[in-house]
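Line by line, the protein sequences give chains A and B.
Per the working numbering, the very first residue in the first sequence carries number 1; after that it's consecutive.
Per the working numbering, the very first residue in the second sequence carries number 1; after that it's consecutive.
Note that these hints are calculated values from the structure, not bench results.
This structure is a prediction, so every number in the text was calculated from the model and none was measured.
Positions of the beta carbon are idealized from the N, C-alpha and C atoms, including for glycine.
Be a bit skeptical, because a hint or two may be false.
[Said to hold, decoys possible] Here are the computed lysine to any residue pairs in the SDA-like style, where the Cα-Cα straight-line distance is at most 25 Å:
1) Lys189/A <-> Val248/A
2) Lys97/B <-> Leu250/A
3) Lys189/A <-> Asp93/A
4) Lys189/A <-> Phe200/A
5) Lys100/A <-> Leu269/B
6) Lys97/B <-> Glu166/A
7) Lys100/A <-> Phe34/B
8) Lys276/B <-> Ala22/A
9) Lys189/A <-> Asp65/A
10) Lys97/B <-> Ala10/A
11) Lys97/B <-> Arg9/A
12) Lys97/B <-> Val29/A
13) Lys97/B <-> Val20/A
14) Lys160/A <-> Leu68/A
15) Lys7/B <-> Leu68/A
[Claimed, not checked] Just the calculated beta-carbon pair ranges, DEER-fashion:
16) Glu141/B <-> Val129/A: 52 to 58 Å
17) Tyr51/B <-> Ala174/A: 54 to 60 Å
18) Phe49/A <-> Asp186/B: 57 to 63 Å
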Amino acid sequence: MSAVSTTRRAPLLTVYATAVFAFIYLPIVVLVAYSFNRDGVGGFPPRHFTWHWYQQLLGDAAIWDAVLNSLIVAAASVALALTLGLLAALALDRASFPGKALFRRLVLLPLILPGIITGLSLLMFVVLVGAPLSLLTVFFGHGTALISVATTELFAGLQKLDRQQEEASLDLGATPWQTFWRVTLPNLKLSLIAAGLLIFTLSMDEIAVTFFLIGRDNTLPMEIWGRLRQGMTPEINAISTLIFAASVALISIWYRLRARTLRDA
Amino acid sequence: MYSRAYKTIVSVPPLLWVGTFLLLPYALMLVHSFWLVRDGFIVQQWNLGNYATLFGKPVYLEVLLRTVRIAGSVTLCSLLLGYPLAYYLSFHAGMRKEFLYQLVIVPLWVSYLVRGYAWKTILGSDGVLNGFLQYAHITHEPLGFLLYSPFAVVLMLTHIYTPFVFLPIYAALESIPRPLIEASQDLGATPGKTFFRIIVPLSMPGLLAGATFAFVLSLGDFLAPLLVGGASGTMIANVVQSLFGAAYDWPLGAAVSVCILLLTLSLLLATETLEKRWSFK
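Looking at chain A on its own, in the form it has when it is part of the complex (with noise of 0.2 Å):
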């Protein structure tokens, strides 16, 4: 009786759930579509199929050398969120001192609150320090900002831990450094993926802060700002395309690694 009353059919629900999922893909499918149309990105319906775009955006050195930028930024942010984010969520989960609720809250801040404020905060702390606007800028601003995602993520997984592994790893004579390596790191392996994973997305798409800490270095997004600004060409579609196949192969590889941990464990 209970399969039959959860799973009841209900006609006018699917109808409505594909909708939304065609809601939600439809400007998806429409990009991809745009990058191998020969006429441009208007217009209905796509016609005469071209490669064109992509050849186009084969050889455009400025785009490349922005996805470098990025590619940069966003190693270098995993870099320093994990870290310090590894360090807090340790914090918050062992350690008491004063000022943790704040701490708490205070680290959580970048993700709640709009981009456009932290990144201005930021920026008027650079201009405060005297530092020239640079990619070095965007670092400091994506890998401070996403402490906040690595916090999280980390915390969970200590919370989730089990600490008696610590403790007997403790108990027989290993010192507090060895057991963090060899019991507490490899035991979070998980989620510190999960949480680089995460970062390194977020990162390599981020504008609202980047926007403000930028100099003459364009990461991928503000390069494409930039030319959306002069007008659209599919070329664009074409570099979205591209970016959004990478972001389902990084999923997909999450997903894998998830799964095979899943299993193993």
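Since the structure of chain A is provided, determine the placement of chain B on it from the hints.
Chain B in isolation, oriented as in the chain A frame:
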């Protein structure tokens, strides 16, 4: 179990970093809002002039109201799309549940800019939608009002935040003990009654979290208006951006930012309180 040294090593670096590079910058924002600009220079002279300007000139209140209206519409639309979707997945998707869940998650990973750009190509006067409407002989001239309007901003942001709203609602629906629903049905409640008396109240914390998320994130958005909003779709964060940019009035811009910040934080605080009251654990 953990030594004093261990606790110090894990606490001090993040505390220092966050204190210096996060707390200090936010404090700088607050401090700037009490300074002023004279002859193109920021003067560190304490005053409330920026806040007086803010509340004295109707233009700021107008933009703020429009922003709240847009953010409210986005929240409502995302809920109208996200809640039924979550309900469908949780109660009616059967075997396809896991697959459909992934299908909702994927767009979350797709670049914000890419999705905004896609809407721009769809809504433009020589865009895909107008092309389609003319191709299908529904209209004969391009509709100009689709792009560069508050409507376009609401559409784009709804598209972006629907999966965000879906997630907490779905989690809340999934955590409802199924025997409760069976009990309700066994005791003779109609499906409608079960839905409004059992499912909706129990999913309230998720709904609230999703709604707050959509509202707060839309409230501070300045990219969607720049991308698809045009002059009539300008939001409060665009005011901040222009005050920090072309207008070069950082103190006034900081005052607007502080207002957005306070609005956001008080909303989050209110939600947190409500969520605690409504959660059934």
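Checked hints:
1. Lys189/A <-> Val248/A: holds, 22 Å
2. Lys97/B <-> Leu250/A: holds, 22 Å
3. Lys189/A <-> Asp93/A: Given that 25 Å is the threshold and the Cα spacing comes to 17 Å, the pair holds.
4. Lys189/A <-> Phe200/A: holds, 16 Å
5. Lys100/A <-> Leu269/B: Distance ~18 Å between Lys100/A and Leu269/B Cα, so the pair holds.
6. Lys97/B <-> Glu166/A: Since the Cα atoms of Lys97/B and Glu166/A sit roughly 37 Å apart, the hinted pair is violated (cutoff 25 Å).
7. Lys100/A <-> Phe34/B: violated, 29 Å
8. Lys276/B <-> Ala22/A: Measuring from Cα to Cα gives roughly 35 Å; hence the hint is violated.
9. Lys189/A <-> Asp65/A: violated, 32 Å
10. Lys97/B <-> Ala10/A: holds, 15 Å
11. Lys97/B <-> Arg9/A: holds, 14 Å
12. Lys97/B <-> Val29/A: Roughly 23 Å separates the two Cα atoms, so the pair holds.
13. Lys97/B <-> Val20/A: holds, 15 Å
14. Lys160/A <-> Leu68/A: Since the Cα atoms of Lys160/A and Leu68/A sit roughly 37 Å apart, the hinted pair is violated (cutoff 25 Å).
15. Lys7/B <-> Leu68/A: violated, 38 Å
16. Glu141/B <-> Val129/A: 52 to 58 Å: holds, 56 Å
17. Tyr51/B <-> Ala174/A: 54 to 60 Å: holds, 58 Å
18. Phe49/A <-> Asp186/B: 57 to 63 Å: holds, 59 Å
Violated hints, listed in ascending order, are 6, 7, 8, 9, 14 and 15; each of the other numbered hints is respected by the structure.
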